[in-house]
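Trainee: The chain contents come next:
There are 4 protein chains.
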Amino acid sequence: MDRVRSLAQRVSNWGRWGDEDERGTLNLVTPEVLKRAAAAVRQGRAFSLGLALGADGPQTGSVVGRFNPQHYMTAIGAPFGAPGGFHYSDDVICMPLQCGTQWDSLAHVHYDGLLYNGVPAERALSASGTARNAIDKLGSPGIASRGVLLDLARARGVPRLAPGSVVRPADLDAALERQRVELLPGDVLLFRTGHLQVFLEGGDRETYLWQGPGLGIDCIPWLRERDVAAVCADNTAIEVMPCEDPELFYPVHLLGIRDMGLPFGEMFDLEALAADCERDGQWDFFFAAPPLKVTAGVGSPVNPLAIK
Amino acid sequence: MDRVRSLAQRVSNWGRWGDEDERGTLNLVTPEVLKRAAAAVRQGRAFSLGLALGADGPQTGSVVGRFNPQHYMTAIGAPFGAPGGFHYSDDVICMPLQCGTQWDSLAHVHYDGLLYNGVPAERALSASGTARNAIDKLGSPGIASRGVLLDLARARGVPRLAPGSVVRPADLDAALERQRVELLPGDVLLFRTGHLQVFLEGGDRETYLWQGPGLGIDCIPWLRERDVAAVCADNTAIEVMPCEDPELFYPVHLLGIRDMGLPFGEMFDLEALAADCERDGQWDFFFAAPPLKVTAGVGSPVNPLAIK
Amino acid sequence: MDRVRSLAQRVSNWGRWGDEDERGTLNLVTPEVLKRAAAAVRQGRAFSLGLALGADGPQTGSVVGRFNPQHYMTAIGAPFGAPGGFHYSDDVICMPLQCGTQWDSLAHVHYDGLLYNGVPAERALSASGTARNAIDKLGSPGIASRGVLLDLARARGVPRLAPGSVVRPADLDAALERQRVELLPGDVLLFRTGHLQVFLEGGDRETYLWQGPGLGIDCIPWLRERDVAAVCADNTAIEVMPCEDPELFYPVHLLGIRDMGLPFGEMFDLEALAADCERDGQWDFFFAAPPLKVTAGVGSPVNPLAIK
Amino acid sequence: MDRVRSLAQRVSNWGRWGDEDERGTLNLVTPEVLKRAAAAVRQGRAFSLGLALGADGPQTGSVVGRFNPQHYMTAIGAPFGAPGGFHYSDDVICMPLQCGTQWDSLAHVHYDGLLYNGVPAERALSASGTARNAIDKLGSPGIASRGVLLDLARARGVPRLAPGSVVRPADLDAALERQRVELLPGDVLLFRTGHLQVFLEGGDRETYLWQGPGLGIDCIPWLRERDVAAVCADNTAIEVMPCEDPELFYPVHLLGIRDMGLPFGEMFDLEALAADCERDGQWDFFFAAPPLKVTAGVGSPVNPLAIK
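Protein chains in written order, with the working numbering: chain A, 1 to 308; chain B, 1 to 308; chain C, 1 to 308; chain D, 1 to 308.
Don't read these hints as lab results, they were simulated from the structure.
Please read these numbers as outputs of a predicted model, since none were measured by experiment.
Mixed in with the good hints there might be a few duds.
Copies of the same chain look alike in the list, so a pair counts if it fits in one copy or across any two.
[Claimed, not checked] With a straight-line cut-off of 20 Å between C-alpha atoms, the simulated SDA-like cross-links for lysine to any residue are:
(1) LYS35 <-> PRO185
(2) LYS35 <-> LEU183
(3) LYS35 <-> SER140
(4) LYS35 <-> ASP276
(5) LYS35 <-> ASP280
(6) LYS35 <-> PRO120
(7) LYS35 <-> ARG226
Could you build the full structure based on these sequences and the hints that come with them?
Mentor: Right, dumping it as C-alpha cells:
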C-alpha cells in the first residue's frame, strides 16, 4: 500500500474541483469537449457497446453478491378494460448494479477510510447506500464525451491479449501511434483487449471474470497526465487480474477511482466498434453512456453508445 | 375499438422495414439523421432528463406490479485482501422496468392478439418475457437522434397543463410555430406538459400517475405524417389520462406502439431543459437515451441526455 | 434509557444458558414442556395463525425497508420433455422477513452496543446479516411448545382494545383468572388485543401498524417471573404503540429481546382460535411455529399452528 | 403418458373431498389422526428437518428460475429515536419458493391441461400465480400429522442409496418391517435415502439435484392404498432421477400431485432424526411443517419439525 499512497500524492484530484465535488474527472468534459465530441460524428453510424442483460450474462455467482439479472413478468398480455382491446405486459428486474456492462461510481472502492475527495467512508456508507459520490452524481448530467478507442490486441497483432497480461504505458502509446489518433483532455478512453471473446465465444466465465489482461499500476500516471474523463474496457476490472503484486489488491481501482475520481466502465463490448474503426481508420466518436441515476447507488448498468 | 382499427390502417408501419423488423420507427434514424443530431450540439451544454431512481420515485404501489426501486447493499466498505488496503461496496436493485423515467418496448401493449409487425402475442409472450419486439432490440443500437422539445405549457402560457387536458394536433402545431423549430423525419419528439411538477413539487403521486394531460387520439396521424422516430414526455403515458373515451383504454399506446412501432419514453424530466431552451431559443439538441438491453424485456429505465 | 438499564439488571437472562447461547428463553422448552404441549391436543383441531402472505398484506411502504411480498412466476405451466406430458409452474418471492406474521430474532434490536447475551453489535452485524443470534438459531429446532392464549379484548368485554391502549400486568392476570388457565414456565404466551380487525375488517393499515394496543414496560418483569418461552400477539410490536414514554422507543423490545432473549411473534391472526377457545373453554394447545432457517437472518415469516 | 393416464384412473382422488377441494390428501388428517400424532410425543425431543436457507444452499443456477436465497439487510443496527437507545436491524429475502427444503403445492405440476381435482390449467395459472390449489390452501391449517420415517438406506445396509437407484414398493415394505412401525391413513410418510450427504458432505450439488435415488412409478399405488397424507424425502424430487423411462418425465409428480392431490416435501434433512430413531427404535413422531401462506403461490420453503 505504500506504493499506492505515494502514487496517490502524484495523481490525486482531491480538491481540484472544490471540496464538495462528487463528479471527479467528468468535470473535464467542458462545453468545448462536448462540441469536439459532436464533431466526431462524421458518418452517422451508431454502435451499442452493452452486453445482453439477462440470465446468460457473464456472472457465475462466484463473486459474492453478483449474479446475472433475474427478470420477472408481472403482466403477460393482460387485458385491461373491455375485452378485445388493450392488453399489456410488464416486468421487473433484480440485478446487481455491476453484473454486466456497467459504471463504477466514485464510492465503489476506497482505502485508509476515505472515499474520493476525502469523504470519510464511515459517514458515507450504510445499508442505505452511499451518501456521497453516488452514481447519480455521475449521471447528472452524464456520461457523454468524445470517445477514443485503443485496440491493444490489434496493436500487438493478436486476436486477444492473453489472460493476465499487463498493459503498460508503452502499449497505450503504441496503439495511439498505430491508430494515428490523438487523445485529448476530457476524452473518454476505451481500450480493447479482446478478452471478452473468452466469454462471448468460449463461454469461459471464470477466466473472463478473474484473469483479464488489463492496466498495470504504472498506467495511472499516464491517465492522469492526459486528463482523460473516464476509462472503459472490455475486461472486468480495467486493471490486470490477478493483480501484479499478489499482496496489493486492485491498486488501479484505488488510485483511479478514489484518488483521481476517474469513473471506470467495465465489460464493454468493443468487438464490432473496433472492427469498424480498423476498417475505416476513424478511432474517435461521440460517446454517450449515461448511468442510471440510482439514488445512493455505487454502480450502474449501462448500454453505451458510440456514434461515428 | 373500431376507431382504433380504422386508424390503424392509416398509420400502420407493419412490413415497412421488413417482416422481421423489431425496431419500428427507430429505422427512421438514418446516418443523415444522426449527423443532423450531432450538428445540433452548438453550445456544449448537457441535460439529464431522468428522475431519481430510488424509494422517492413516482410509484405508489397502486399500479399492479409497479413500485419504486428497492436498493440493497451487498458489500458496505468490505475489506478484501490485506488490512488497510482495498475496500469495496456493491449493490443490487430490484425494480419494475417501467417504474420511473423509461422506455416502452414495442411488445409492451397489443390488441387483437398481435404485437407490432403482426407478431402473434401468444407465441411471443411467456413467463420468460417477450421473444419478439423486446427492449434490447431498441437498444441495439439506440436510442439516439436529434431531439426536438415542444413546450406545450409555455405555448398555452401556463406553468402546467391541467390534469386530464387533451393535447390536440393544433397544440403541437402552435408550439412548433411559437418556438420556430422544425420537426424532421427521424427526429425524437419530446413534449412538455409541466405535469411532472404535480409530483416533483406537490408530491401528489396519484394525480401524477393517473391524470396526466397528454395526447389525444387524433395526434396519432400527426405523428405518423411527420415520421418521428420516438415520442417522449413528462407525463406517465404520452397520452391523456383518463382516456378520452372511457370505454377505450390507451388508444394512443395501441396505435403508436403496436401499429406504428413508435417507442414511447415516459416520465422524462424536461423542466430544466425547457427553461434553458426558452432562454436561448434553441429547441433542438442531440438526444441520447439508450435503453438497457434487457433480454426479452418489455421496458427499460433510462437516464436520457440532451446535449445542445 | 435509565429505566431500561435498571430493569435490565432485574430481568436479564445473559449467561443463564451459557455464554455462547443464542436461543434465549427457548431453552425453557424442555422435554417435559414438549410432552405437556402434546398433552394439550385433546380434540384434534388445528388452526393456522398466519396472515395471507401477498400483495394485500399489512404493509404500506411507510416503514423503511418493509413492503408486502412480491411474487413472481418463473414458469407458468411450462412443458418439459415430450408434448402432452409434464408441465410445471415455479415461482419466486421477494419479501422483507418481517412484513407479515413473523418472528423477531434475538439480533433484531439492541442498545448500548450489545445484542442478547453480550454480543458486540459491531462484530455481529454487517451487510451479510448477523453472525450471532440469527433467526436460524431459533429454528434449530423450534419453535414449538405449549401455547396459552390470553384474550385481553374479551377480558375487558370489548371487541378490540382501543388503539394505543396500554396492557398492564393486572390485565394479564385478569385474563388468566377469567379463562381459568395456568401459564407455566416454558409455555408460549399468545395474547389477543383484537387490533388486527382494524386491518382485516377496516383496511386501515396505518392505524394497524402504528397504533397498536400492547404491553407496557411493566409487563416485562411479569413475563420474566413466569419464564415464558416466547410471546406472540395480533398487534405489530407486542408492546404498545406509540410508546408510553415518547422519549423511550420500544423499551419492551429492548428488554424482551436483548436482555431476556425472548422471541417476539408479531401480527398473528388469533381471531378464529380465540373464538374457538371462548366456545369450548380450552385456552391451551400445542403450538408449532418453526421460523425459516435463514442464514444470518434477523427475522422470519411464519405460518404458526395451534392444535387443540 | 398412457401408463400415467391408466394409473391415474386407479389412484385418482378427484372429487373424493368435493369438487371444490384444494387440499387433497391433507383431508385425511382428521382429528383422530392429530390426536394420534400428539400421542407420538413420548420423549419430548425435537428435530429440525430444514436445510440452511442461504447462499450455500443446494441450487446451482442450472435449474431455470431456481437459485439460492439472496438475503439483503435494509437496516444494520440503525438507531431510531434518541441516541444511545433503540437500534434495529431488518432484512429482505428474494428466493424461489422451491430452492431448498420445501413443499410443492397441488398446482406445481399438471398434464392434459388439468390440475388436481380437474381444474383447467389455463384458467388457474397466470403471471399472478395460481388461482386454485395454491400453497396457502395447504397451509390453512397445516401441515401437521403423525410422521413416520422409513430409512431406506439403513434398510439396505448402506450409508446412502446410489444415485439414480429406484425405490420399489418392496423396499418400502422391507423398511416398515425392519423398523416395526405401522403406517396409518393420514400419516405423513418421510423416507430417507441418504442422498443428501452427496451435497452436505460432498458438496456435489449437480449430482444431488439431478441424480437422486427415489420412488419408482409403482410406488404410487402403494401410497394410494395406504392413504398417506403427504410424502417427504431427503432427495430433490421424491421420485427417482433420471426418470425410469427417459421419455416419461416426472410420472410420480404427475400422479401424486395432480391425480392424488398428495403434497410433496422435498430436500428434507433427515440425517439426525434417522440416527436418533435408529438408536431408540421410535420411528414415529409429531410432524409439523406448515407452509407459508403465499397467496397464489405454487410452493413454499419450510422448516419442518419432528417431535418424538
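Trainee: Next, verify each hint and record whether it holds.
Mentor: Checked hints:
When the C-alpha separation of LYS35 and PRO185 is checked against a cutoff of 20 Å, the pair qualifies only within one copy, where the shortest distance is 13 Å, while the shortest distance between copies is 24 Å. Within a single copy, LYS35 and LEU183 get their C-alpha atoms as close as 15 Å, which meets the 20 Å cut-off; across copies the closest is 22 Å, which misses it. Proximity of LYS35 and SER140 under a CA criterion of 20 Å is satisfied intra-copy only: 18 Å inside one chain copy versus 25 Å between copies. For the homomeric pair LYS35 and ASP276, the shortest alpha-carbon distance between copies (18 Å) is at most 20 Å, but the shortest distance inside one copy (23 Å) is not.
Taking identical chains as interchangeable, the C-alpha atoms of LYS35 and ASP280 lie at most 20 Å apart only when they sit on different chains, with a minimum of 17 Å there against 22 Å within one chain. In this assembly of identical chains, the alpha carbons of LYS35 and PRO120 never lie at most 20 Å apart, being 36 Å within a copy and 45 Å across copies at closest. Taking the closest pair of Cα atoms, LYS35 and ARG226 come within 20 Å of each other only inside a single copy of the chain (19 Å); across copies the shortest separation is 28 Å, beyond that limit.
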